[in-house]
Amino acid sequence: MMMIRRFEEESARNYAKGKIGGFLHLYIGQEAIAVAAAEVLEDRDYIFQTYRDHGIALARGMSAKSAMAELFGKDTGCSRGLGGSMHFFDVERGFLGGWGIVGGHLALAAGTAFKSKYLGEDSVTVCFFGDGSTNIGGFHEAMSLAGLWKLPVVFVCENNQYAMGTPLERTSPIKDLSIKAKGYGMVGDRFDGHDVEVVQECIAAAVDRARSGGGPTFIEILTYRFRGHSMSDPAKYRTQTELDQRKQQDPIAVVRERLLGLGADENTLDDIDLEVDEEIDAAVRFAEESAPALEEVMMSTVLAPEGDS
Amino acid sequence: MRELRYREALREAMFEEMERDDRVFLMGEEVGHYQGAYKVSEGLLDKYGERRVIDTPIAEAGFAGVGIGAAMVGLRPIIEFMTWNFSFVAFDQIISNAAKVHQMSAGEIQVPIVFRGPNGAAKQVASQHSHSAAPFYTHIPGLYVIQPSTPRDAKGLLKSAIRSNNPVVFLEGETLYGVQGEVPDESVDELIPIGESRLARPGTDCTIVTWGRPYYTVLAAAEKLAAEGIECEVIDPRTLRPLDTALMVESVKKTNRCVVVHEHWPYGGPGAEIVDRLQREAFDYLDAPLERVTGLDVPMPYALNLEDKVLPTEERVIDAVKRVSYSK
Numbered sequence: 143m144m145m146i147r148r149f150e151e152e153s154a155r156n157y158a159k160g161k162i163g164g165f166l167h168l169y170i171g172q173e174a175i176a177v178a179a180a181e182v183l184e185d186r187d188y189i190f191q192t193y194r195d196h197g198i199a200l201a202r203g204m205s206a207k208s209a210m211a212e213l214f215g216k217d218t219g220c221s222r223g224l225g226g227s228m229h230f231f232d233v234e235r236g237f238l239g240g241w242g243i244v245g246g247h248l249a250l251a252a253g254t255a256f257k258s259k260y261l262g263e264d265s266v267t268v269c270f271f272g273d274g275s276t277n278i279g280g281f282h283e284a285m286s287l288a289g290l291w292k293l294p295v296v297f298v299c300e301n302n303q304y305a306m307g308t309p310l311e312r313t314s315p316i317k318d319l320s321i322k323a324k325g326y327g328m329v330g331d332r333f334d335g336h337d338v339e340v341v342q343e344c345i346a347a348a349v350d351r352a353r354s355g356g357g358p359t360f361i362e363i364l365t366y367r368f369r370g371h372s373m374s375d376p377a378k379y380r381t382q383t384e385l386d387q388r389k390q391q392d393p394i395a396v397v398r399e400r401l402l403g404l405g406a407d408e409n410t411l412d413d414i415d416l417e418v419d420e421e422i423d424a425a426v427r428f429a430e431e432s433a434p435a436l437e438e439v440m441m442s443t444v445l446a447p448e449g450d451s
Numbered sequence: 032m033r034e035l036r037y038r039e040a041l042r043e044a045m046f047e048e049m050e051r052d053d054r055v056f057l058m059g060e061e062v063g064h065y066q067g068a069y070k071v072s073e074g075l076l077d078k079y080g081e082r083r084v085i086d087t088p089i090a091e092a093g094f095a096g097v098g099i100g101a102a103m104v105g106l107r108p109i110i111e112f113m114t115w116n117f118s119f120v121a122f123d124q125i126i127s128n129a130a131k132v133h134q135m136s137a138g139e140i141q142v143p144i145v146f147r148g149p150n151g152a153a154k155q156v157a158s159q160h161s162h163s164a165a166p167f168y169t170h171i172p173g174l175y176v177i178q179p180s181t182p183r184d185a186k187g188l189l190k191s192a193i194r195s196n197n198p199v200v201f202l203e204g205e206t207l208y209g210v211q212g213e214v215p216d217e218s219v220d221e222l223i224p225i226g227e228s229r230l231a232r233p234g235t236d237c238t239i240v241t242w243g244r245p246y247y248t249v250l251a252a253a254e255k256l257a258a259e260g261i262e263c264e265v266i267d268p269r270t271l272r273p274l275d276t277a278l279m280v281e282s283v284k285k286t287n288r289c290v291v292v293h294e295h296w297p298y299g300g301p302g303a304e305i306v307d308r309l310q311r312e313a314f315d316y317l318d319a320p321l322e323r324v325t326g327l328d329v330p331m332p333y334a335l336n337l338e339d340k341v342l343p344t345e346e347r348v349i350d351a352v353k354r355v356s357y358s359k
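Protein chains in written order, with our numbering: chain L, 143 to 451; chain Y, 32 to 359.
No lab work stands behind these hints, which were simulated from the structure alone. Careful, some of the hints might be misleading.
To be verified - Below, computed lysine-lysine pairings styled on DSBU-like, alpha-carbon distance capped at 35 Å:
(1) K324/L <-> K161/L
(2) K353/Y <-> K154/Y
(3) K353/Y <-> K255/Y
(4) K154/Y <-> K259/L
(5) K284/Y <-> K340/Y
(6) K70/Y <-> K259/L
(7) K255/Y <-> K340/Y
(8) K70/Y <-> K292/L
(9) K340/Y <-> K292/L
(10) K159/L <-> K324/L
(11) K159/L <-> K259/L
So that you can see chain L by itself, here it is in the shape it has in the complex (with noise of 0.2 Å):
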C-alpha cells in the first residue's frame, strides 16, 4: 500500500514538473481494494481495470520502474510507451490492461470468463470499475451476460463516491449500488474499502464462488480518493470538511495502527517506508535514464504478425 501510496504522490511530482504528460487517475486513498485483491488471486487469474490502474498494476507485482518508465513515455515502460497511465499492461501477471473508455472493459471481462469455463479451466476474472460506469450500457451488457452465462467473473465497483465531479446522489437513483446484482441473476455485496483485511476477506468470497463454478458475483466497495479525478481537476466539488473526514480513514493509517497494536515495531514499519521511498527514486532514476519510445515498435505493432494459427 505505501508503495502505491508513494508511486502515486511521485507521479504527481513528475506530472508538475512536466516529466508526464496526458491524463493522470491518481490511485491514493483507494489503495487497500487493489491489494486485497492482489493477494487473493492466483497467478492464472485476470484482472481488468480502468484507466486508474496503477494501483492494481503495482499490486499484481508489476516493478515501479517498469510503471513509472510508461507515464515517462519510455520504450523500458509496462507498454513501452505506448499505452501511457491509462494503459498499463502486464500479461505476464494477468494484468489486461488499464482501459480508458468508461463500462468498455466490463464486457472484455465477461469474455476472458467465458475463455475460461469454454476450455474447463479455473480461472477467475476480476474486473474493477467506478460507481459511474454503472449508468451506462456497457455495465449492463457485460452484467447481462455474465449473469446469464454463470460466468467466473467478479465485477469490483469501486464507488469512490463521485463520477469524474458529479457525487453519486446526482448520478444514480439508488444509494445502494449492490442491488443491481440480483436483476443480473447474481450475488452482490457492499462492503467498506478503508480495512485492507475485510477487503480481502469479501473479495476472497467472492472469488472462490466464482471459481468453484458458483457464477459472478457484483461487489461494491464503498471508497474515496483523496486527490481531484485527474491532476487536471482541483476537486472543487466537495468541501475540505468532507476531505478531512474520508482521511481520519486513510486505509494506510488504519493498517499501520492496527499493526503497532499487535505489537509491530514502529521502527521496521519506518524501515519498511525508508525502502519504498528509495524503490520510488529508483523508479524515477530509471525512467529518466530510460530511452524514449520507439517508433519501429510503433509502428510494428499495429498488426500482430500472421502465421502459426
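Starting from the structure of chain L, add chain Y where the hints point.
Relative to chain L, chain Y alone:
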C-alpha cells in the same frame, strides 16, 4: 469445381474451421436454434452443440466485447452481427478495444476475432437497415476489412480471416447470399490471402474497380459495353484494408482510364481511397479524370423506385465508362 451459393460457401468455411480448431466458436443472435437469421449458420448447432454455437441476447456491445475478451486470451471467436447496421451499438468495442489493444499492450496481446454478417442494402429495408459499413471500419488502423463478392472468395477469405491473428471485419451481403458460383471441391483447403485484389474480367479499354453487390451490376454493364465495342477490365479488391492497388495500377497503365463503383456513400471511404491512390500511382497513365459511381448521398428511402435510384445502376456505370472514354 462445383457450384455453391455464397451462403453455403460461408457455412462450409465455418464448418471446416470449427472442425480444424476447437478454439473457434460462433456467437451471435439466432445463430444456433434458429439456424441463423439468414441461415448462414444452418446445421452448425447440430454438429458442434451449444458450447461452440452460442445464441446471445440482443446485446451487440456485450457479445462483441465477450468475443474480444475471449480472443485476448487465446480463443478464436466468430461474432455474427445479424446485420452490420447493428454493429454500430458495438462500435466502441471494435474501435477502442479490438483494434487498439495489440498496440496499447506493446504487441503483447493479440485479438484473433472475426466479426461477420450481411452489409449494405437488402430490399426496401429502409433508412436504418441499409448501411454500407465499409467506410467506418476501413478508417481504423488495427483492423482488416474484407468484402467478398463471390462464393469462392467468401469461403476462401472467411477461412483466412478465422486463421488470422488480427481482428477482421467481414462484410457479406444479404442480396449476395443466394448468388451461385464456382467453389473448389471440399477436398481443397483453399485459403485466399487477405489483401489481394482479383482480376474478375479482362479488358483493354477501361478499368472498373468494384466489390460487393455492385460487382454484379458492373459485370452486367461490362457485357453491354462490350456489345458496343468497349471492353472493360474489372478488378475486385476483395480486401478493403489493407488495400492492394498493384493490379489496379497495372490495369490503368493498359486502359488509361478508370471508374470505381461502390455501394457506400461518396464522402470518403475505400472508394475515395482507391481514387486517391490511383491518381498518385498511375498519374502519368491517365487519359481522363477518375470517376466514381456510388450510392447516392442520401439516407436509404423505403420506396422501391427511389431505392433503385440510390444504388449504383448499370446505366450509371455505362455512362461513367463512356464519359472517361470520351465516347458519349
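Hint check results:
1. K324/L <-> K161/L: At roughly 46 Å apart (the allowed maximum being 35 Å), K161/L and K324/L break the hint.
2. K353/Y <-> K154/Y: Holds, because 29 Å separates the two Cα atoms, which is no more than 35 Å.
3. K353/Y <-> K255/Y: Given that 35 Å is the threshold and the Cα spacing comes to 12 Å, the pair holds.
4. K154/Y <-> K259/L: violated (41 Å)
5. K284/Y <-> K340/Y: Given pair K284/Y, K340/Y holds - Cα atoms ~32 Å apart, limit 35 Å.
6. K70/Y <-> K259/L: Since the Cα atoms of K70/Y and K259/L sit roughly 28 Å apart, the hinted pair holds (cutoff 35 Å).
7. K255/Y <-> K340/Y: holds (19 Å)
8. K70/Y <-> K292/L: Holds, at about 28 Å.
9. K340/Y <-> K292/L: Given pair K340/Y, K292/L is violated - Cα atoms ~50 Å apart, limit 35 Å.
10. K159/L <-> K324/L: Answer violated: K159/L to K324/L is near 47 Å, above 35 Å.
11. K159/L <-> K259/L: violated (47 Å)
Violation of the numbered hints given earlier is confined to hints 1, 4, 9, 10, 11; the remaining hints are satisfied by the structure.
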